[in-house]
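Line by line, the protein sequences are chains C and Z. According to the working numbering, numbering within the first sequence proceeds without interruption in unit steps and concludes at 479. According to the working numbering, numbering within the second sequence proceeds without interruption in unit steps and concludes at 479.
If you're looking for bench data, these hints aren't it; they were derived computationally from the structure. Be careful, since some hints might not be right.
[Unchecked claim] Partial pick of chain Z residues on the chain C-facing surface, computed with a CB cut under 8 Å:
no., residue
1, Lys195
2, Leu299
3, Val302
4, Ala320
5, Leu324
6, Ala335
7, Ala339
8, Pro340
9, Leu350
10, Leu354
11, Tyr362
12, Leu363
13, Leu378
[Stated by the list, open to error] Computed list of lysine-lysine pairs in DSBU-like fashion (alpha-carbon distance at most 35 Å, straight line):
no., chain 1, residue 1, chain 2, residue 2
14, C, Lys39, Z, Lys39
15, C, Lys59, C, Lys346
16, C, Lys380, Z, Lys87
17, C, Lys325, Z, Lys184
18, Z, Lys325, C, Lys348
19, Z, Lys346, C, Lys346
20, C, Lys341, Z, Lys346
21, Z, Lys380, C, Lys325
22, C, Lys39, Z, Lys87
23, C, Lys380, Z, Lys184
24, Z, Lys184, C, Lys359
25, C, Lys380, Z, Lys355
26, Z, Lys39, C, Lys348
27, Z, Lys184, C, Lys387
28, Z, Lys59, C, Lys346
29, C, Lys346, Z, Lys325
30, Z, Lys341, C, Lys359
31, Z, Lys341, C, Lys387
32, Z, Lys366, C, Lys39
33, Z, Lys396, C, Lys325
34, Z, Lys355, Z, Lys87
35, Z, Lys366, C, Lys366
36, C, Lys380, Z, Lys325
37, Z, Lys39, C, Lys346
38, C, Lys39, Z, Lys346
39, Z, Lys87, C, Lys145
40, C, Lys325, Z, Lys346
Each residue gets a CB set at the ideal place from its N, CA and C atoms; glycine is no exception.
There are 2 protein chains.
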Amino acid sequence: MAGTKHGINKDLYAVIMAGGKGTRFWPLSRETFPKQFLKIVGERTLIQETIHRLYGEVKPSNILIVTTAGQSDLVKWQLMEVLDDVKCVIEPEGKNTAAAIALAAFKLHKKNPRALMLVLPSDHYITDTEGFRATVRRAAEEAQKGNIVTLGIKPARPETGYGYIKAGSRLRGGVSRVQKFVEKPAMRTARSFIKEGSYYWNSGMFLFKASVIIEELKKYMPGMHKAFSGIGAALNTKKEDAALANMYGSLDSVSIDYGIMEKSKKVVMVAAGFPWSDIGSWSALDEVLDRDTEGNISLGNVVGIDCSDSIFFGGGRLIAAIGLKDMVVVDTSDATLIAPKDQVQKVKDLVGRLKEEGKEEYLSPKVEDRPWGWFSVLEKGPNHQIKHIYLKPRAKLSLQMHNHRSEHWIVVAGTAKVTKGEETFFVHKNESTFIPATVMHRLENTGLVPLRIIEIQSGEYLGEDDIIRSDDSYGRKTG
Amino acid sequence: MAGTKHGINKDLYAVIMAGGKGTRFWPLSRETFPKQFLKIVGERTLIQETIHRLYGEVKPSNILIVTTAGQSDLVKWQLMEVLDDVKCVIEPEGKNTAAAIALAAFKLHKKNPRALMLVLPSDHYITDTEGFRATVRRAAEEAQKGNIVTLGIKPARPETGYGYIKAGSRLRGGVSRVQKFVEKPAMRTARSFIKEGSYYWNSGMFLFKASVIIEELKKYMPGMHKAFSGIGAALNTKKEDAALANMYGSLDSVSIDYGIMEKSKKVVMVAAGFPWSDIGSWSALDEVLDRDTEGNISLGNVVGIDCSDSIFFGGGRLIAAIGLKDMVVVDTSDATLIAPKDQVQKVKDLVGRLKEEGKEEYLSPKVEDRPWGWFSVLEKGPNHQIKHIYLKPRAKLSLQMHNHRSEHWIVVAGTAKVTKGEETFFVHKNESTFIPATVMHRLENTGLVPLRIIEIQSGEYLGEDDIIRSDDSYGRKTG
């Protein structure tokens with residue numbers, strides 16, 4: 001982490017909200033692989049960018065990711081590149097933002113009664129890192145005074161896809177009272193908001209003291225407050241998981257906006273001028289990526305004839321497009337989406353239809369079943385490939401080697417028994433090991449709970465057939 | 001072959017033209033895998049249908065397929081299901097229809113001076129088999145008199161995609177002189193043709209005596225006639241291939257329509273009333289396949305929301321379409337085409353662009369390279385898979401077995417040395433062998449020329465990883 005001129009506020013914590021379902025960016029995102037895990041803009045995924053943006057502003061050990069069990073492996077895998085120690089708070093189930101923020105607030109307040117919480121979605125687009133940090137510092141000053149700060153974004157256009165905040169009286173430089181929160185408007189209303197000048201986009205980014213939000217929860221969401229107070233003794237201990245599992249189902253599923261922001265008298269808005277997008281749909285890529293001279297955005301393997309103002313988002317497979325205008329084409333290894341830009345929000349209906357028709361396999365990244373469990377390919381490049389591997393209890397892979405690839409294994413759940421050349425050893429959760437090419441190796445789950453690992457392969461050839469098996473428990477090789 | 005009431009004319013030969021490049025149905029067809037090999041309508045491929053339609057009308061041993069070396073393996077593989085003995089005439093290179101017909105005519109005339117030739121494209125749509133056969137019988141009567149018969153199709157609509165024949169004076173029932181051949185017309189002209197009543201679609205199907213077409217070649221294409229006369233002694237002998245290789249490059253590339261039909265005085269037209277299409281582009285599927293209530297044609301794995309009048313042609317991968325109207329989407333394992341129906345003919349430009357951009361891999365079915373050669377998957381179903389396998393000279397596959405699949409191997413070129421359990425034996429060109437599941441086997445090319453086989457796998461699991469290697473020449477297994 002680079003040093004900065006101002007000192008880092010040791011009481012400032014970042015709470016990254018990484019729950020959510022991956023519907024709007026289907027088929028690239030999936031229910032179990034939402035948008036924050038995608039490289040939509042640039043070399044890092046959105047959640048990696050979100051963390052990276054905090055360097056020098058928040059202590060790395062003060063960064064907390066609130067997520068669900070199903071996504072925590074992916075969070076750990078992706079954040080290992082940007083954080084030494086990935087701290088996840090795992091909700092037993094997704095319960096909207098109020099519960100997630102309450103959980104983080106009670107945990108942080110118990111640990112540090114002076115804790116300030118910067119609450120950030122994990123999947124927003126912000127490229128002006130300096131502008132973002134300056135805004136955070138300004139917001140932290142306000143939060144220190146006991147205010148609940150919401151970040152309002154100066155609107156760049158009459159957008160109908162965002163909620164708005166109407167700023168009230170001006171308090172100090174860049175800080176206003178909030179007169180009201182406004183739902184997504186019609187175009188005519190959105191235009192009048194721009195003209196009027198005191199409306200800001202509601203970004204869903206907040207900054208407040210943990211103690212203050214807990215007070216407000218007590219006042220406006222007493223049920224939620226009581227539920228978390230009730231398990232206060234268990235928080236930050238080994239009993240936390242069980243305590244949460246026991247009470248979480250009964251929590252109301254309410255957004256922090258509705259539950260607290262629209263009611264609390266302590267809410268102020270800090271106006272932010274940096275370019276921002278929540279990248280709410282495929283058509284929003286127009287706001288965040290550069291278009292070519294025909295107005296097209298083309299990522300991946302695309303050949304187009306007479307196309308204009310369209311978005312092509314592919315991978316290794318070829319997208320061949322003729323005469324498309326204002327269309328979106330998204331191509332993945334198992335599914336292709338084609339829709340006009342102005343109808344792409346119906347992808348939610350389409351995901352619903354997939355469920356109705358029993359095509360659930362398209363709601364997760366493509367999984368390959370194996371006798372010992374399964375794997376899915378999370379990322380595929382010309383010289384590297386990342387897999388999520390699941391071993392059933394007591395399962396083992398064959399004793400094998402590869403001529404052309406090395407493998408890096410990170411254990412994200414369970415305990416791995418690893419054979420590597422002549423050695424045999426155990427690799428525990430959050431530990432890793434490296435298997436060079438041509439070294440005989442075996443991965444085994446001797447435990448009674450599933451073993452999950454992230455495997456990063458690298459080499460000049462990554463085909464499944466580069467495997468030399470010496471001993472296999474599933475009869476895939478004879479003597 | 002089912003018996004029929006009338007006797008089969010033993011002098012009647014069918015000459016199936018199976019050359020051509022697979023551009024118009026890209027990406028399902030490829031340069032090396034043209035339209036005739038596709039199952040576009042029904043359970044059989046177009047070339048299989050073309051043969052099947054002749055059952056009871058032409059002796060199976062009188063069916064000849066004119067093709068090029070690059071496609072003869074595929075022809076043999078596909079026709080093995082419908083013919084006991086597949087007779088291919090292999091052109092050294094494609095030289096348009098006049099050369100292909102001349103070659104067949106000289107060969108047939110040498111074999112049987114009374115030979116009548118029914119010349120048929122391999123990739124047309126005809127479902128009224130009885131109507132087709134009745135027309136063939138009528139045409140054969142005319143050809144027997146020394147006429148060159150061209151089949152004209154009563155137009156079903158003012159089509160601008162076909163050439164037309166203007167019928168002249170009526171000779172006998174259903175038989176007319178030809179007044180003129182007309183190029184593809186503009187819509188206004190096409191409409192006037194329909195109104196006028198004496199215009200027929202030029203189907204590219206012909207019937208004539210081999211001796212008659214040879215006379216006409218002498219008169220109107222003396223260079224072509226001389227070239228084939230010059231190698232007359234070699235035809236139908238082992239010297240044929242070398243003789244053809246020597247002279248074929250110098251032949252004019254001219255259509256039979258232009259070279260003979262538009263000039264010969266012996267041409268008559270037999271009018272046919274059966275529904276017909278040359279399925280000249282993806283949008284032509286509207287003419288030959290049933291649409292649903294929204295006007296869509298959906299083949300394969302398709303989920304659509306608010307789509308109408310569109311064509312979806314996919315396989316195992318999911319096509320997810322929203323709000324498409326009058327669009328064509330074609331999805332294959334390595335490429336997806338998206339185009340409005342009225343621009344789908346630009347697929348030719350797109351194929352040209354692929355060549356320019358060095359993406360030649362999309363001009364052939366997807367090939368997987370292996371140390372011993374390569375394979376491509378020709379067809380993939382839930383419980384079967386067909387592969388084209390190429391072994392370099394002296395190459396051998398590993399000694400292996402599969403738990404879940406049996407394999408049927410047909411040698412289409414070269415000689416295979418096969419190990420099957422305890423036995424070792426040779427399988428020659430046009431022979432086959434069967435390897436049941438769990439039997440150890442090896443395929444080897446001990447020869448000096450490439451070995452090509454068609455492999456038909458069947459079983460409940462067809463993954464590449466169901467392979468147990470016992471001995472491998474390429475280091476893919478240690479002891």
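Results of checking the hints against the structure:
1. Lys195: Constraint on lysine 195 of chain Z not satisfied, violated at 32 Å.
2. Leu299: Since chain C brings no Cβ nearer than about 15 Å to leucine 299 of chain Z, farther than 8 Å, the hint is violated.
3. Val302: Hint violated; valine 302 of chain Z Cβ to chain C Cβ min 10 Å, cut 8 Å.
4. Ala320: At about 5 Å, which falls below the 8 Å cut-off, the nearest Cβ of chain C leaves the hint on alanine 320 of chain Z intact, so it holds.
5. Leu324: holds (6 Å)
6. Ala335: At 4 Å from the nearest chain C Cβ, alanine 335 of chain Z passes the 8 Å test, so the hint holds.
7. Ala339: This interface hint holds because 4 Å falls under the 8 Å limit.
8. Pro340: holds (5 Å)
9. Leu350: holds (5 Å)
10. Leu354: holds (6 Å)
11. Tyr362: holds (6 Å)
12. Leu363: violated (11 Å)
13. Leu378: Result: violated, 19 Å to nearest chain C Cβ.
14. C/Lys39 with Z/Lys39: violated (39 Å)
15. C/Lys59 with C/Lys346: Between lysine 59 of chain C and lysine 346 of chain C the Cα gap is close to 41 Å, so the pair fails against 35 Å, i.e. violated.
16. C/Lys380 with Z/Lys87: violated (46 Å)
17. C/Lys325 with Z/Lys184: The hint holds at about 30 Å.
18. Z/Lys325 with C/Lys348: holds (20 Å)
19. Z/Lys346 with C/Lys346: holds (29 Å)
20. C/Lys341 with Z/Lys346: holds (23 Å)
21. Z/Lys380 with C/Lys325: holds (33 Å)
22. C/Lys39 with Z/Lys87: violated (55 Å)
23. C/Lys380 with Z/Lys184: violated (48 Å)
24. Z/Lys184 with C/Lys359: violated (45 Å)
25. C/Lys380 with Z/Lys355: Status holds; Cα separation ~26 Å.
26. Z/Lys39 with C/Lys348: With a Cα-Cα distance of about 34 Å, the restraint between lysine 39 of chain Z and lysine 348 of chain C holds, given a limit of 35 Å.
27. Z/Lys184 with C/Lys387: Violated - the C-alpha atoms of lysine 387 of chain C and lysine 184 of chain Z are around 55 Å apart, more than 35 Å.
28. Z/Lys59 with C/Lys346: Distance ~57 Å between lysine 59 of chain Z and lysine 346 of chain C Cα, so the pair is violated.
29. C/Lys346 with Z/Lys325: Measuring from Cα to Cα gives roughly 15 Å; hence the hint holds.
30. Z/Lys341 with C/Lys359: Measuring from Cα to Cα gives roughly 28 Å; hence the hint holds.
31. Z/Lys341 with C/Lys387: Cα-Cα ~40 Å, so violated.
32. Z/Lys366 with C/Lys39: holds (28 Å)
33. Z/Lys396 with C/Lys325: Outside the cut-off at roughly 51 Å; violated.
34. Z/Lys355 with Z/Lys87: holds (33 Å)
35. Z/Lys366 with C/Lys366: holds (21 Å)
36. C/Lys380 with Z/Lys325: holds (34 Å)
37. Z/Lys39 with C/Lys346: holds (33 Å)
38. C/Lys39 with Z/Lys346: holds (33 Å)
39. Z/Lys87 with C/Lys145: violated (91 Å)
40. C/Lys325 with Z/Lys346: holds (15 Å)
In summary, the structure is inconsistent with hints 1, 2, 3, 12, 13, 14, 15, 16, 22, 23, 24, 27, 28, 31, 33, 39 from the numbered list given earlier, while agreeing with the others.
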